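Colleague: For the protein sequence lines, the chains are A and B, in the order given. One point on numbering: in the working numbering, the residue at position 324 of the first sequence is 324, and numbering is uninterrupted. One point on numbering: in the working numbering, the residue at position 22 of the second sequence is 22, and numbering is uninterrupted.
Hint data in this document are derived by calculation from the structure and do not stem from the laboratory. Wrong hints could be hidden among the right ones.
Unchecked claim - Derived coverage of chain B by chain A (criterion: at least 3 residues anywhere in the stretch with Cβ under 8 Å from a Cβ of chain A; other residues may be distant):
no., stretch
1, 1-8
2, 18-31
3, 92-104
In this text the structure is predicted, and so the values were computed from the model without any measurement. Note that CB positions come from ideal geometry on N, CA and C, so glycine has one too.
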Amino acid sequence: MQTNSGEKMQRNIIEVSDLHKTYGKDVVAVDGISFSVREGEVFGFLGPNGAGKSTTIKILTTLLEKTSGKVTIDGLDVDRDQAQVRRIIGYSSQEVGVDDDLTAKENLLLQCSFYHISRDKANSKVSELLQTVRLADAANRRLSTFSGGMRKRLDLASALVSDPKILFLDEPTTGLDPQSRKDIWDYIVKLNRKGMTIFLTTQYMEEADVLAERLCIVDQGKIVSEGTPAELKAKVGSDKITLQFRADDISGCDKARELAEKIPGVEAVGQCREGVIAENGIVITAKNGPAIVTQIVRTLDGQGVNIQQLNLSAPTLDEVFLKLTGKTLNVIERKEAVGRGRRRRGP
Amino acid sequence: MMEMFSEVVAIFNRWNKKLVRRPILIFFNLIQPLVWFLLFTQAFSAIGKIPTFQLLTGTSSYITFFTAAVVIQTIASSALNAGIGLVNDFDNGFMDKMRVAPISKSSILFGRLFSSAITTVAQVAIILLIGLALGVNIASGIVGVLLMFVLAALFGIAWSGISVFVALNTKNAETTLSVGLLTTFPLLFLSAAVMPLGLLPSWVQQVAKYNPFTYIAQSFQSLIIKGFVWNNITNALIAILIVGVLSLGASILLFRRKIS
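Take the sequences, apply the hints, and build the full model.
Modeller: Shown next, in the form of structure tokens:
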């Protein structure tokens with residue numbers, strides 16, 4: 001392990017090795033997963049419905065018994081040291097575990113009593129948390145009058161009453177409107193800046209991309225790939241640089257093509273006036289897009305070639321997922337929604 | 001131990017608050033027992049004229065005798081709700097919130113059961129008041145009524161253990177509800193609640209001896225008709241203890257083990 005760049009970011013606070021979970025005899029939910037989360041980072045678990053994300057997070061939070069494997073949270077074994085693990089974690093489930101008959105304040109005070117926080121401390125903690133999630137004005141309103149976004153924010157606050165070392169979020173923004181989603185993202189970033197380790201699952205590429213420092217892509221109970229979002233993107237593809245020239249500047253395009261091919265780091269240069277570049281342009285692919293762009297601009301400018309339009313696009317996590325699993329997340333989501341509906345018990 | 005006490009109090013208060021905010025729930029459970037109280041006793045009032053009935057029960061009023069059966073029905077239907085409440089918690093994610101916190105599983109159950117017992121006592125009080133209005137006389141007086149509340153609360157907790165057990169097993173409201181409803185009536189008719197033991201066919205008498213409803217019914221019947229028959233009250237307490245140890249023991253074991 002490296003020791004040169006600060007002590008905080010280096011320690012593994014979650015370690016999972018060869019985790020298996022089988023429901024009944026033959027329903028395999030988690031099929032040999034291993035990963036570790038460093039202290040102080042936001043770690044993402046990205047995958048479609050049914051990939052094993054919720055099962056994994058439930059095992060990590062002591063809610064579900066694993067079939068086999070080893071899981072340690074801050075050096076504690078999730079099975080043996082269950083009680084201690086519960087003291088240092090916070091958990092916000094997909095279902096939003098709040099009581100609709102109670103007010104926002106009552107919900108948080110109840111949560112405080114689960115952690116044996118004294119009445120005085122609880123009161124100040126609760127008003128502080130209500131401020132943080134912008135629910136101070138609604139403190140004495142019953143949750144039955146809350147919107148989905150408000151309930152989710154309160155749920156997040158309720159996972160924080162004990163100042164957990166590690167916060168587990170199971171699909172924190174599923175079903176929320178864009179503004180509420182942004183709010184939740186902001187809190188997550190803020191909490192992480194204060195040093196909290198955050199483990200989150202998500203089925204949204206964008207969410208993983210924005211929040212996670214490192215992430216695992218999971219599919220059918222297995223980790224398909226692991227790394228920083230940038231690393232994952234680099235694995236599957238290169239950046240695309242599109243250059244466009246004035247319609248009558250045919251020689252400019254040809255000259256640019258010639259010059260671009262000679263720039264070190266460029267992987268391929270397309271033909272002029274080919275395919276989607278309807279007018280007069282070329283597509284250049286390269287691993288390190290931004291650096292290459294600078295060189296191209298400099299070179300072409302030096303040779304008197306005028307670029308009319310330049311566009312740089314990085315591969316998306318969507319492409320990563322497609323390449324790794326052969327399917328796109330969105331299609332899977334839709335299929336799941338039709339095939340299974342939402343998992344809900346009771347009326 | 002102190003920690004567990006404060007956990008139980010917190011969860012107990014939560015359920016009480018929920019109940020106070022939806023007071024209509026107190027009356028929902030009462031509808032069915034009330035129908036029986038008002039109609040069944042009218043249709044069967046002639047039973048009170050049977051000399052053997054008068055000899056065995058010490059009253060010629062069937063409705064006075066039947067009050068105990070209505071109380072038991074009320075306790076049983078209130079006990080159902082204990083399990084339903086837990087099923088709702090499983091469904092809306094609140095259960096996971098409690099389970100992920102460092103609190104004892106027993107606290108979650110007892111907080112629920114104690115609050116449910118309060119509801120039961122309130123409902124039994126309403127039934128007894130209606131009984132008084134219908135001309136039922138309570139021989140044991142106010143102290144007897146208080147004793148009935150205690151018995152109702154204790155039996156309510158013990159009987160709730162069964163619905164809690166079903167709820168934890170199935171996590172399904174319909175199943176919990178139907179198991180409760182389907183057991184209450186046969187048990188009522190296979191006990192001394194609807195008819196004194198001596199008037200029941202002999203096979204029913206044999207079954208009734210092993211039916212806890214018999215002992216609860218007899219304790220209430222004697223408190224209403226005769227006064228303090230300590231033998232009956234002791235029997236009721238023993239029946240409650242046996243049911244309670246079995247149902248709550250099984251529920252706690254299941255709850256501790258069952259993780260899903």
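Colleague: For each hint given before, does the structure comply? Return the numbers of the non-compliant ones in rising order.
Modeller: As far as the earlier hints go, not one is violated by this structure.
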